[in-house]
Structure formats: structure tokens, C-alpha cells
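Novice: Listed below, chain by chain, are the residues.
Protein chains: 2
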Amino acid sequence: MKTVHIAIMGFGNIGVGTYQGIEINHDAIAAKTGLDLKVAKIIEIDIDRPRPVSPDRSLFTPDRMEVFQDPSIDVVVELIGGVEPATTFMIEALKHGKHVVTANKAAIAANYEQLTDAANEAGVLFRFEASVGGGIPVINAITTVLRSNRFEEVTGIMNGTTNFILTQMTQAGRPYADVLKEAQEKGFAEADPTADVEGIDIANKLSILISLCFGERVKIEDIPTTGMSGVTPEDIAQAKAEGKVIKMLASASRENGKIVCSVAPVRIGTDHPLASVSNEFNAIYLKGNILGETMLYGKGAGPLPTGSAIIGDIIDIATHTK
Amino acid sequence: MKTVHIAIMGFGNIGVGTYQGIEINHDAIAAKTGLDLKVAKIIEIDIDRPRPVSPDRSLFTPDRMEVFQDPSIDVVVELIGGVEPATTFMIEALKHGKHVVTANKAAIAANYEQLTDAANEAGVLFRFEASVGGGIPVINAITTVLRSNRFEEVTGIMNGTTNFILTQMTQAGRPYADVLKEAQEKGFAEADPTADVEGIDIANKLSILISLCFGERVKIEDIPTTGMSGVTPEDIAQAKAEGKVIKMLASASRENGKIVCSVAPVRIGTDHPLASVSNEFNAIYLKGNILGETMLYGKGAGPLPTGSAIIGDIIDIATHTK
Chain A
1 MKTVHIAIMG FGNIGVGTYQ GIEINHDAIA AKTGLDLKVA KIIEIDIDRP RPVSPDRSLF
61 TPDRMEVFQD PSIDVVVELI GGVEPATTFM IEALKHGKHV VTANKAAIAA NYEQLTDAAN
121 EAGVLFRFEA SVGGGIPVIN AITTVLRSNR FEEVTGIMNG TTNFILTQMT QAGRPYADVL
181 KEAQEKGFAE ADPTADVEGI DIANKLSILI SLCFGERVKI EDIPTTGMSG VTPEDIAQAK
241 AEGKVIKMLA SASRENGKIV CSVAPVRIGT DHPLASVSNE FNAIYLKGNI LGETMLYGKG
301 AGPLPTGSAI IGDIIDIATH TK
Chain B
1 MKTVHIAIMG FGNIGVGTYQ GIEINHDAIA AKTGLDLKVA KIIEIDIDRP RPVSPDRSLF
61 TPDRMEVFQD PSIDVVVELI GGVEPATTFM IEALKHGKHV VTANKAAIAA NYEQLTDAAN
121 EAGVLFRFEA SVGGGIPVIN AITTVLRSNR FEEVTGIMNG TTNFILTQMT QAGRPYADVL
181 KEAQEKGFAE ADPTADVEGI DIANKLSILI SLCFGERVKI EDIPTTGMSG VTPEDIAQAK
241 AEGKVIKMLA SASRENGKIV CSVAPVRIGT DHPLASVSNE FNAIYLKGNI LGETMLYGKG
301 AGPLPTGSAI IGDIIDIATH TK
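Residue numbers (the working numbering), protein chains in the order written: chain A, 1 to 322; chain B, 1 to 322.
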């Protein structure tokens, strides 16, 4: 049995989900993998916020450098979110020889090379399965078994809020503002829904997938992005009359050697695999030159599904390192 | 650049697809991974059968032991099919220190422990992504990033022939015998379709998934299996009237500590993610205790999609070994 000493940096919803996932499945993971996953430190200032879990107070520290300099810590899980200071903190952790796992799409989209370079230079691993599609194992698929392909296309429904709103608008013929309000009341949409409905969250994820599928960097400011707040019930009815549905799609392909990409509400035929992906679900559709089509579907958000991907990354790191 | 010397054992459709996939994507794989994949030997008696590729005749040998004893060979790809002599040959290769990749569901379902034990004892890797779902990266997902979960259920559409027949019966209201005949004419069904339509092929795949998801062995003779040749247009019409579709499903779950499993034509609601998986496509639906639901969809057969998975396994082996 090998003990993996984990530091969680940022103890919000996803940090709590990761902690809970480790608690719930500690013994099952130990039985399957021989790994004893142990949350050894939680880097967080706010100890007393009400949370559904109660880690021992001695695990909390506000001092990240103390943790990065602690030789017993194997993996740092960055869950602060946002580009900065998260990027700086991750690079510090990598430079101190810590493997880093993150769910932070914004930081990776902005600083992919800096982060992967820092990991390579330090001889440690940097993993981010949870940054796209939550619990859906898409990044692992692209970076392992599907590497046998040249990717021709990646298209995804990668935001649960906008997919929920469009699904409800389609099924009930209701206007955008009305459904948004309901989604906010149910906790499916943020009080300020801009990052979701205007496609910014999705563009971050698409930038990451472009890096992985095509080996090229397209920054989010270079991804043509159209929000879905302008979609009307009339647009949806017209699409339906054409045998189509409107989905908020992120898409990239290589055409004549150049990456063509966009984030926008798009009409797709009801026979497309993405057409039946409803409500809060996400899916990523890939075309490989020898594989043909594949699609990976699941919950793109939520503390436990996201924790599933983070813990999967931790296990993967621990099984591939001493 | 690291050269990986590959021996393909059995040069039928899948062997040819693997060879073609390596030819087509050799340079792309080298650029992405630093690996120079090289088919160094083809273990096959029938050199002159017409095939869409023409490897140099010097690659062919009828003598597997010559290849297993050749220290320059890194990986043996077993594509003979069937339980024996394939199992014996794979164990021989493993004992000679060769990593083994296979698409052979029947051999793994029958001899999972013997094969994995032989690999462990020899300190080499044994990979079989292509044995379930063709190019769909489901085995890798279960054995890597999704290990963070206790699996609660695995349900799949894992046979393109039966899914094609049921889809056509459903869409056109045609009887089984009629659609089977068309599928045979189009090459979607074998002249003797027994292994497909009676669920034997599917039971082999389910046995493998049960081993991986639940860590328990259920041999195919212990999986209650009902073929789909008895499904009538009336059954399908009645399902439709209930808002359901009939799909040939393989399913396993753990109930009160015991594995409950079956292969059978089953009615599922049209809102189930598997309901919209049509024609020759396959999909595997998984429930994990922290992940929730996920589904992986794609082409479950065919030389190039299956080759995609085999080459993915070869790359994975080469990147995780010296």
C-alpha cells in the first residue's frame, strides 16, 4: 500500500467534492489500486465557512509555501479558479517538485505552455481532466488511446447552464429570459450568467481541446464567440420546422492546415449524436481520421462528478510515478 | 525518436486495418509522441491472399516462436481471434517478455486471469482496448480516470449487427428475417449470424466489462443470454406505443453484493442515452457512485476504428515502458 499525500488548494464546492469523493471511495480505490489517498493539507483561509464536510482543523493552512516546501506532499490540487493567482501558484508548486492536478479551464486556456513547460522542466506531472466536461473522461481519451489518430473535428456541448436553458426553451417553447430566471432559482445558473450564456466558459474549454487535438494554441480572444442570449422561441421553432435543433456548440476543425473554430448557437440535424444531449448534460464529439466518430457524454459539472475526474488524475499520477 | 518494433500475429481484416492505420498516421504519431511505429514482422501463413495493403514479403513468417524469441520485437499484436490457440500463443509471447495487445474478446472473456497473471509475472503489459466497442475508448476510461469510482452499473449496445437490424426493424416496421437478409447482402452481418444475433459476441464483451468494473469474473456461460431473433415487428410497435424502443442490451450491476447481469433485447425509454444509438453504432453507458452517468459512443467494429484502439494501446505501452 502506497500513501499519496494530497494538498487541496482552495476549498470551495469542487474542493469539497474532491474531499468527499476521497472519503466515500477511499477503501474501494485502495482495493483496486493499492493506493491510500490521504488529504494531508487544505490551503484555505476560510476555515469556518459552512460546508457539508468537516476535515480536521489541523489540515487547514493559509500558507501555500509551507505546503509546497513540505517534502511529504506528493500532489497539489489547484481549485482556486481564475487565471491569476492560480497560474502563479501552480507554477510555484510544479517548481517545488509537486505534481499538480487542476480543474481550472481559464488558467489552462490562458497559460497552457507555461504550465506544461514548468511541469516538464521539473520532471513532474500536470493533469487537468476535470477542466473540460467535468467527469467525462475526454482529456484522457484524447491524450492516450486516441493519439493513434489525426483529429479532424472536435465539437462539444460543454456548458450545462446553456444546454439546460436551450433544452427548456425547445421543449416548452418558452422565451430565454423566463427559462434563465427559473434556472437561476434552481441553482443551475449563476446570478451573473454572463460567462455561461455569452460562451466565455465554453471558449476556454475549446481552447484546451484545440491544444490537445491539434497541437496548436488558439487563445480565447481569437475564438469567434457568439452567446445564446439572443436565441428566440421563433429561431427554435424555425429550426424544428427544418428537422433541426439549436445547440450551443463549440467546434474546431483543421481546414487546409488552418484551425477553424467557433462558439455559437448552431442548428444541427436531430440525427446528430449531439442533438439528443439534453438539459445539464455535456458531450464531446470527436472525429479521428482512422477512428471515425466518437462521442463522450456525461455530467459536465457538479462537485462529485468533477471530483471523480480530479481523483482519477491523482490515481493516474500515483500509478505512473514512484 | 524511439522505434517500436511490432509483430502482427494474424493478418485478416483487423490486422490489415492496424497495418493501414500505422501507415496512414506514422508521421502524425511520431510528431505527437516521439515514437516511430514499425511493423517488423507479420506472423501469417497466407501471404498471397488479396489484401488492400502490400507489406514487403520479407515481413511475413509462419513461425511465431522465431518472433517471440527475437529480442528486437517489443510488442505482439494478437489478431487470430477465438479462444484457442490464441490464448496459448499470447501466453507464450508474454512469457518471452513481449508486451501483448489484442482485440480478442473471446480469449479474454475465457482466460482473463491467465492472461493478466502471465503479463504480471513476466513484468510486461497486456492491453485489449479493441476487444470491447472497437474504437470507443471505454476500457482505458474504466481502467484509468474512472477508477475513482465504485461502478454501480454498466450497460451497453455492443454489437453493430444486432443494433443495425433492430434499428431498421424499428424505423421501417420490417420483420427480422427480411432485415437480416439485407444486412448480410451489405456485409453488416455474417453468413452465419449466430454469434451476433444470439448474443454470444455481446456476452464475451460483457464478461470483460464485469471483470474491469466490478473486479469479479463471470464466465459467459453464467450470463443469462437471450438472442434477438425472436423480436417481432409487433413487439417493436408495442414498445413504441409505450414510448420505448427495443435495444439489444448487455447489462451488469452489483445488487446486495452480487453481480446481476444479462444480455437480451430490452425495452428502454426514448429518453435514455442509449435509445438514440442507431444502426452500426455502439455505446457503453456507465454509472459510477461519484461520477454519476457517462456514456461513450462510436463505431464498435471495422478494421480502421479497431486499428485505432490497437495502435492506441501500442502507443500507451511504448510511452509507459523503456
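I should point out that these hints are in silico values taken from the structure, not numbers from a laboratory.
Just so you know, these numbers come straight off a predicted model, no measurement behind them.
Treat the hints loosely; a few may be bogus.
[Unchecked claim] Partial chain A-side listing against chain B, Cβ under 8 Å, derived:
| hint | residue |
| --- | --- |
| 1 | Glu293 |
| 2 | Met295 |
| 3 | Gly307 |
| 4 | Ile315 |
Note that beta-carbon positions come from the ideal geometry of N, C-alpha and C, so glycine has one too.
Novice: If you test the structure against every hint from before, which numbers come out violated?
Specialist: none
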